[in-house]
Structures are given as C-alpha cells and as structure tokens.
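A.B. asks: Here is what each chain is made of, one letter per residue.
Protein chains: 2
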Amino acid sequence: MTQCKNTKRDRILNTAEELFALHGYDGVTMRKIASGASVDVALASYHFGKKLDLFNAVFDRRAESLNGARLTALRLCQKDAGKREPTVEKIIEAFLRPLELAQETADPGWKNYLSLIAYVNNSPYWGPLMMSKIFDELVGEFIAALKRALPQAREEDIYWCYHNLSGALTLTLAQTGRIDKLSGGKCLSSDFRAAYDHMIPFMAAGFRQVCGSGQN
Amino acid sequence: MTQCKNTKRDRILNTAEELFALHGYDGVTMRKIASGASVDVALASYHFGKKLDLFNAVFDRRAESLNGARLTALRLCQKDAGKREPTVEKIIEAFLRPLELAQETADPGWKNYLSLIAYVNNSPYWGPLMMSKIFDELVGEFIAALKRALPQAREEDIYWCYHNLSGALTLTLAQTGRIDKLSGGKCLSSDFRAAYDHMIPFMAAGFRQVCGSGQN
DNA sequence: AGATAATTTCAACACTTGTTGAATTGTGCT
DNA sequence: AGCACAATTCAACAAGTGTTGAAATTATCT
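Taken in order, these protein sequences are the chains called A and B.
FYI, in our numbering the residues of the first sequence are 17 to 232.
FYI, in our numbering the residues of the second sequence are 17 to 232.
Hints are computed from structural coordinates only; laboratory data are not their basis.
Any given hint might turn out to be false.
What the hints assert, rightly or not - Example chain B residues on the side facing chain A (calculated, C-beta under 7 Å, incomplete):
1) Pro140
2) Leu145
3) Thr192
Don't be surprised by glycine CBs; every beta carbon is placed ideally from N, CA and C.
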C-alpha cells in the first residue's frame, strides 16, 4: 500500500494525481499543482523534471501495487478452482474487485488515480502511449484465463468482449457522476459496491452469449 | 446530414472537432485550430466568440441530426414490434446502429465528433456540464423502452446496465486503437461493424441476466 | 458603379505557460 | 562546531495564450 507521507514531494504527486484526473494533462499547470500542494512552482521541477515526467511519475506510482493485487486475485481464484478452470464470473471478479477495494480506501488518492487511468485509457492520444507499458502483461494473463474458460470461443470474440468490459470499467473509474443525474439519485457513481455487483454478472453473461457457453 | 461546405467557417468547425477529440479542450489552442484550417487566428473568434463558445458550437452542431437518427431508429423498431414491446436486443440495436452508420460515413467529421462525445462523456469535468443538455431526453426514451421490455426489473438495475452499455459504447467511440494492439491485429477499432455486431448481443445478454429475463 | 455590410487579416495587448540558475534554508554526519 | 548535500524558494526568461480593435478585403444589393 502506498502510504501517504506528508512530505512536499508526496503532496505534489497527490495534487497532480487529483488535477490530472479531473482536467487532463493539458488542463493542469505546474502552478496549479504547486499551489494545490502549498509548494513553490520550482519544486515540482526539482523533484520530477519536466511536466511530462511528473505525469509519468503519477501514472507509475501505484501501478505495481495495483497489478499485484489483481494478479493475486486471479491466482487465488485459479487455486480455488483446483484442476478445473475458474468460471468466467470468477475471472471477471478477480479482474474487478481489487479496483473496488482501492476505490473504497479512505485515502482519496486511489479514486483519483483510477480516474486518471480512465482518462488515459479513453484518450486517443494518451491511450496508445501509456496503457500498454503498464497493463498489457496483466491483461494478457486475464485474457488467457478467459480463453481457457471459454475454449470454444473464437479469439477475436474474446477480445471484443474484453473491449466491452474495459469500456464499462473505464466509465466507472472515471467517476463522472452521470448515472447519478440520469437515474435521479437511484444510482450513485460513488456506490462502488453496487457498480461492481452489477457489472460482474452483466459481463459474465455477455461473454457467455458471444463466446458460446460451455459449462464455465 | 450536415454537409461539408468548404467555407472557412466550416473548416474551423471541422478542425476544432478533430483537435478537440484528439487532445481535449485544453490541449488545443485557437492558433492550432486556425492553422489547421488555414485561417487567421482572429477569424475563429469572429465567428464563434470565445474558445468555450467554439467548443460548444462543435458539440452542438451534429447533435440534432444524431438524436433524430437514433430516435427514428427507436420508433421504427417499436413500429415493427406492433402491439408488443420490442426486444431488448432490438432496442439496443436502435440505440447503437445509427452511430455505426455515422462512423462509416466517408466524411471523417462524424468519427471525430463521436470521439469528442466520448471524451466529454468520460470526463469528470465536462461530462456533468455538457452531456445532459444534449442526451438526457433521448436516453430517457430508450430507458423507458427498456423498462417496458423488462417489466420485472428493478429500476436501479436498468440504470446500472445502461451504465455498462454507455461505457462500452464510449470506449468504442473514443477510437483509441487499444484493442488493435491488445489483440495483435485480430480486432480493429476501425472495424465498426464488428464492434457493434459484438456489442449488441453482449449487452442484451447482460441486461437479461441482471434485470431478469422475461420473454423479451 | 457605388454604397453597405459581412468577412478576413494584421498587429498588438496583457497574461499565463514551463523551465532554469542562483540564492537560501534545512538536514545529517563527524 | 563545521561541512557537505539535499530541499526549497526567489526571480526571471522566452515562448505561447485568448482576445480585441482597427484596417483591409470581399461579397451583396440597388
């Protein structure tokens, strides 16, 4: 767990994380970051170099921890399944639940971080530059597991289904609050539990529909 | 259909559309727009006022046309269903197919516009400001239809399912090309037909799973 | 053709941007 | 204490920002 030291260096990272998630890379200035962190402008450059380097530092900071948690969840559900392959539902749950946990932490940094991931993943400019280096390996593991759970599926179908999953997840991470208004308050973007409790069976059913439903 | 006059005014709109979709509001300068449109900087201000007004003009330009097409598709599938309610699948298809058509137009403006919609919809800052005024009414129609098609569903479940649909759609519109790399070229973001052909049954199955499956 | 209005360019404004080098303060070590 | 080094601030830079008013050009109409 990334602890929340109150050094100026970490305050810069936290503020940058929050502002980049809300306004995107170009919508944030070094001065706003510095001001939000109650720090001189030059200090951010001193610690991180160029603005782009700071952006990358924010992006990388929680990556290992997050990937570790998700991979552990996958390994665990594979262990639970014994010799058989885990269910599609279990695999998807392993993919998603660690995010719910992160978002529910008291530290708002994780919420901001995941919102930043959503921003990057949905951006035609940043997506191709940033997503692969951090997430491709992990996603590959999950896709491999899904292929084994759906052995009769065509490979491309798996990828299209994953694309749907990734999109729904991305919008959830973004925390736009749109569903709050649409539903008239009946649903809340901040109710992560409800979001994932609905997403998991929804996505599992979609996978089975498109990829042919064996017993998994 | 918004025609593609080559007036300088329209060139400004088209270039702004393209750049806003790619880099977001703050990632684009009036000068880059002007330069891309081979036009003086001051002309954009002359025609549209402030930068934010230009952004709104781009956002509004194709809205009516798009909403009209989607509503027509909904009405048509309702007509086809006669006295019964249309299938969940048919409703979702009416929601999505007009977008595919738009993206497949020769004019790249529609692709850019929908990518811009994706940017706005996924942004915690812009989403709440811009999405409602244009899309709430239309979305309300579709959700009402889905409620009737799934009469035993709890209202909140419908909204959560719609949220999943909206997220997957958003990532598709964004055109990040991420699936291209992930799948090693087996899937292409630019293959809109394949994207929607997979999305429709996937989403319908998700809705039925979460919202209880009557005969619709 | 000539008058009027719409369009387009030019030049400039006040302000903000990221970044840097020098100066200052703080910290840890012996 | 004194020294080395990291952390932090200050001041300033050249470049880029949105916006505007006046001038110049083009279109429109009688």
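A.B. asks: Confirm or reject each hint.
C.D. replies: Hint-by-hint comparison with the structure:
no.	hint	result
1	Pro140	5 Å, holds
2	Leu145	10 Å, violated
3	Thr192	4 Å, holds
Hint 2 from the list above is the single one not met by this structure.
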